[in-house]
Structures are given as C-alpha cells and as structure tokens.
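Enquirer: The chain contents come next:
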Amino acid sequence: MWGIIRQKVGTGGISAPSMERIRPAVSAWRCYSSSGKEMTVRDALNSALDEEMSADPKVYVMGEEVGEYQGAYKITKGLLDKYGPERVVDTPITEAGFAGIGVGSAYYGLRPVIEFMTFNFSMQAIDHIINSAAKSNYMSAGQINVPIVFRGPNGAAAGVGAQHSQCFAAWYASCPGLKVLAPYSSEDARGLLKAAIRDPDPVVFLENELLYGESFPVSAEVLDSSFCLPIGKAKIEREGKDVTITAFSKMVGYALKVINLRSIRPLDRATINASVRKTNRLVTVEEGFAQHGVGAEICTSVIEDSFGYLDAPVERISGADVPTPYAANLERMAFPQIEDIVRAAQRACFRSVPMAAAA
Amino acid sequence: MFQSLDFPGGRVAFTSDMSFIAESSEKRVKCYRVLDDNGHPMSSRFEQVSKEVAVKMYSSMVTLQIMDTIFYEAQRQGRLSFYLTSNGEEAINIASAAALSPDDVVLPQYREPGVLLWRGFTMQEFANQCFGNKADYGKGRQMPIHYGSNKHNYFTVSSPIATQLPQAVGAAYSLKMDRRDACVVTYFGDGGSSEGDFHASLNFAAVMEAPVVFICRNNGWAISTPTSEQFRSDGIVVKGQAYGVRSIRVDGNDALAVYGAIHAAREMAIREQRPILVEALTYRVGHHSTSDDSTKYRPADEIQHWKISRNPVARFRKWIERNGWLNDEDESELRGNVRKQLLHAIQVAERTEKPPLGDLFADVYDHLPSNLQEQERLLRETIEKHPQDYPDGVPV
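Chains as they are written, first to last, in full-length UniProt numbering: chain A, 1 to 359; chain B, 1 to 396.
Pulled out of the complex, with its shape left as it was, chain A reads as follows (with noise of 0.2 Å):
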C-alpha cells in the first residue's frame, strides 16, 4: 500500500470561485465565538486523543506511522514521547492484521483506537470490523463486547485518485452493530472522538483530510477535557425556513443553513423530519455515490414519518457515480459543487427548471 500523494490544496480543496462565493459567508458566522479562540480540527483530535489517554490507562492507538512519524497526518503527533510505545503502536502494513489485533485486544478489555491512513485501506480490514467487532456482542450474547473505534480519513481529498476517494460512510452505516460518526467542525471532532473512545460499542469515525487544516472557532465548554456530545444527535448549524439541507463532512462547509448529521448511524430522524415538517421540502447533500447512499436513506426515512408535510419532490445530491477520476476537471465534477446545492434548493422550492430525469 503504497502512500497516498498528498497535496497542499490551500485551505479546503474547494475550487477557487466557489472559494470567493463562500468565504464572506464563512467568516461572519465564525465571529459568532464567544471565547474568540480557535483551533483547527487537527488538534481537536489530537487534544481528544490525548485527554482520553490520560483519563483510561486502557486507551491506546494502534496504527501506520502514528507513533514515530507523528502519524500520516500528525493527527498522533507528541502521543508516542507521552505514552510510549506500548500505547502508541506502529504497525506492520497490515489493515486486516491490526484491525483484527485490535478487536482481538478489545475482546480481553483494552480501549484501542485504530488508525486507517485512509478508509479506503480499510476495505482490506472490513471483515474484521463487521464480522469480529460489529456482530460479536450480538453474536456471543452479550459476552464479548467491543470498545473499539476505527477512525481515519474519509471520502475525497483532491487529486487523489479512486483508490483513495470513496466515501464509505454508507457501507458502514449500514451495518447494524457499528456506530458511524462524521465530524465538520473542531468542536464536532473534539466531542465526537471523546464519545466514540468512551462508547462501550464498536465506532467507525470518517474523518476527512481537508478539514485537518481548517480552523473552527471553540468555546471553553468545547476545550474542557469532559467534554463529550451526543451520538446520534445531529446539529442544526442554522435554522433555514424554506428547505431543510442536510449534509455531514466536509460538505457541511457547503451549505450554511444545513442540517450537519454528525452520526450517520444512528440517523438522527427525528432532527431531519422535525425540520422538514417545518419547511416542507428536503435536499440532501454527500459526496458519496447515490445508490444505496446516505442520502437515499435520508430520503426513505423522511418519506416514511414526513410524507404527509412534503410539498416537493425530495432529492439527493451526491457523487457522480463513477470511481473518482484524476484530472482536476475531471474530478470537479465528479462531486457536489455549491451551484449543485444552490440549484437543486431552488427546484425545491420550484424556482427553477427541474431536471431531466436521468434515463
């Protein structure tokens, strides 16, 4: 597994008009901080490691290159000088050995965190997080429990290509057993993590690269080393009144008003459909493929509690259905654009041409 080319996008991989579109909406909703600090998700994470590993004894991190290298994306950078290497393990090139060692160190009660350098590695490891840690408490009856979380980068980075773009958020949300995470912000990587690490059950938690770099402002409640938010609650980032938008990720960033899901399993229905009843029309938004994807669960799920309050048509955007492509053109348009959201809200509120059916 050879590493991935990692490349300096600026500050968000999002292409630069759009980039200027965003950017003044962006800044005024950060100035709403009260403590005036910010911090990047980067070490949002790297403090929520670190405060879980000092609280448990029995927490450790099990990875590629997260001890001596600082890990892939420094996400474990000064974990190995704190707690040495029986805590901070690095790993042969292995998915499926340590995905399968850590579950294995979970069964005898220890609190891994396992390191994917990108969960599209973790397709060589996913026999061991469905079949050894999702189904095992169910499967022995409640004998073999499993504190595990498997956390690392998710979906599209830019100019990566498709071995190293596939959102997997779908695939494991549906697995029942599992819990499937998605921060957007510092806060959301920082309370999210803590939950995960604290949670007696197995959880996947996606990530994404270009986020690592952006700041997000924290409050003092957000950096204090309790800190923990709620899985299975999504966050309402602001309260729109003519269609609800949900988005998790790095997509959340592209859309203001926007439901940011936060857990992906479980789906916090009753936020999306309380919404919905309020503004009578659905988008959803993923970078991921539309079959089988979030958004096709979303929809089904609003269709069935909501379908009364519907005045549109629901609709999903997602990927283009094609495995990630590498020429920057190219892979623009294989994910969702701003003018993508911007279009599809407005067909939802039948101001505008609807779309062709696709054939």
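Derived by calculation from the structure, the hints in this document are not laboratory data. A portion of the hints provided could be inaccurate.
To give an idea of the chain A side of the interface with chain B (calculated C-beta under 10 Å), a few residues [unchecked claim]:
hint, residue
1, Val89
2, Gly104
3, Tyr108
4, His128
5, Ser136
6, Gln143
7, Asn145
8, Gly177
9, Ser225
10, Cys228
11, Ala296
Computed list of lysine-lysine pairs in BS3-like fashion (alpha-carbon distance at most 30 Å, straight line) [claimed, not checked]:
hint, chain 1, residue 1, chain 2, residue 2
12, B, Lys176, A, Lys77
13, B, Lys176, A, Lys58
14, A, Lys58, B, Lys151
15, B, Lys176, A, Lys74
16, B, Lys176, A, Lys82
17, B, Lys30, B, Lys307
Idealized CB from N, CA, C, for every residue including glycine.
Position chain B relative to chain A; hints supplied.
Expert: Then chain B, alone, in the frame of chain A:
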C-alpha cells in the same frame, strides 16, 4: 576486506557463490512423539501425567467421541440444523486443554469443543447451544457448535476462517500489558493457514512479543481440499521460522506428546513473552460437517484406516490400561453414563423454550437504541394484531 555488509536489518555475511535456498529441505521436520501406535512410550523422557489427569483425559476423549456421534445423529434425524465433529482429533482437543491453565484464554476455530468440555462445559450446555433455546449462553443467536463461554475463558466461535488469529494476538497483547501469568491459545486448521490473517498474526505476534500459542490442527483436509493443494511448504511448522516464531511439529494423535508440547509451549510463551507455533499432525476422520460427504473426494478405506488403526483414543487407552488405571468395566460404565446423560440433555434441550422476542433486539449495542426499541414495539403490536401469523411455542 570486509567479510560482511551492513544493511537495514543488520549485518549479513556475503558470498561469491550464487545459490538459491531450496524450496524445501531434503528432510521434513521431525515429528515429536511419545507413544508408539500400540501405546508404548518410545522413551522414558516425557512430561509425566498423573493417574487422575490421565483418567480425566481419557474420559473426556470418550465423552467427546460419544457427544459427536449422538449430536451428528440428531442432525441426521432433523432435530438439529447442523453439526460438525472432531472425530480423530480427540487427543489434540483434550490433551492440549489439559496442559493449559484455566486462566489461559482460548480463541477456537470450531473443531475444538473438547477444550470447552475439559474446562467443565456440561452436556446440557452443549445441547442448549445446539438447539438454540433460551438457556443457551448465546441466546439462540448462532448456528450449532458456535459455543462460547466467558466463565470458561473460551471465546465464542465465529465462522470466518482464521479471524481468531489476529484477535488472539490482540488479546495476548492485552494480557501482556496486564502482566498476567497466562497466555492466549488459539487453534486453526491446515486450511486456515492460507488466510492473510495467519500471515499477519504470526508476523505481528513476533514483533509485539505477544504471549500466544498458535496450535495448527493439520488434519490433511480443508473440506475437499487436500494439503497438497493448500500449500507447497513442509506443512505449517516451517512457516514459524519465516516470521521469527519458535515452532514444533507434534504427533496430534498422541495424547502425551500433545500434552507435553503444549505444556512446554505455554511456559515459553509466558516466561519469555513470545509466540509459539505448534503443528499437530492428525487426520480428519469425519466429514467436514453435516453438509459434507467426504467419500465423494477421498477413498473410504483411507478413512477406515485412520478411524481404526490410527485412533488416538484407543492408543491412549492402551497406555492407561497398561498402567492399571482403567479396565473394561470402567470403560463400559463410562460410555453408558455419558450416553444416557447426552440423550437426556438433548431431550431437555429440545423441549426447552426458544429465546423470547426481546432477545431479537438485545445486544446489538451495549444499550438498546431508540430505533430498535421502536422496531420491537412495532413488532409486538403486529403480533398482537395478527397472532395467527406468529409461530406457537415461541415466547413473546
């Protein structure tokens, strides 16, 4: 002139002779054995076993044989959906278990119920799991033979092959961090050694210096695949050195050899904090499972040969009998009792209620989440409204 070269990994001597290491040694790795085919010790140097332990070992081997016969029959009669036997591997099962301490953590593949039997799992407990009733520790969640019991330090059997190997290394790592006077013992077959997980586990266990004993039951067959099609190495024992793991080959049908080897392996694993690989050569006398008919791919006389002349139970019996520790009466009393117990256990298990409806949704997570509470509520409502569509005899 320097005689050796410094490369990452250390110094190596160099040579001007270009020679390839042969794909296999001229001589195969020797196999450790204590008793000959007639149950005579071949040397006086072996790990002694007291009369009590020897008799318990023998009774357990016999119990395992009878259990296998009767459960297999029950499946054939349609009372069980599935079963698989350990025929021919009774010595590996029981003797290895006898050499361990109850604190050693066992991660089985699926052909090792004898280990659980040795540790005190009762006929009733086995039957309950096979029938998936409400007394099953697995709450009826799994197919027959997928036993598991925390109190016996025996991890629940899981079907995918060899996944227990890296899990064992992880559990051993946990034991190591706790500095426990115990090791992890994990079993797998010749077929399991082909899985990627086997490679990752041995490699990792060596690097992490984990106290784990890997026991390979090389019984010659992986369903219909003979070992000649499974690998081209000299069995599994030679793979140990490739990973830096100390290893031994033992006669798996010799209870005393297995006992001795496992006892020694365990000591080394704990004292030296290292993995050990034990390859136990044996033969799978039975079919792979009740879904298999092995006469379709191997000769019936080969099966007979191993069943009769190479039988591990009979061989051990000869040794015990010669020591004056067992006679024919004891034997028939034992067999009679076990049979009676088993038939009774099956009857009771068959008649015991199935697990209640609530067990469908419990244990998916540590706590029942709201979506499952909702599903359970809807299901109960549906059952109340349409009771005729719900099977009788299943508690709600």
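Enquirer: Going through the numbered hints above, which ones does this structure break? Give me the numbers in ascending order.
Expert: Numbers 9, 10, 11, in rising order.
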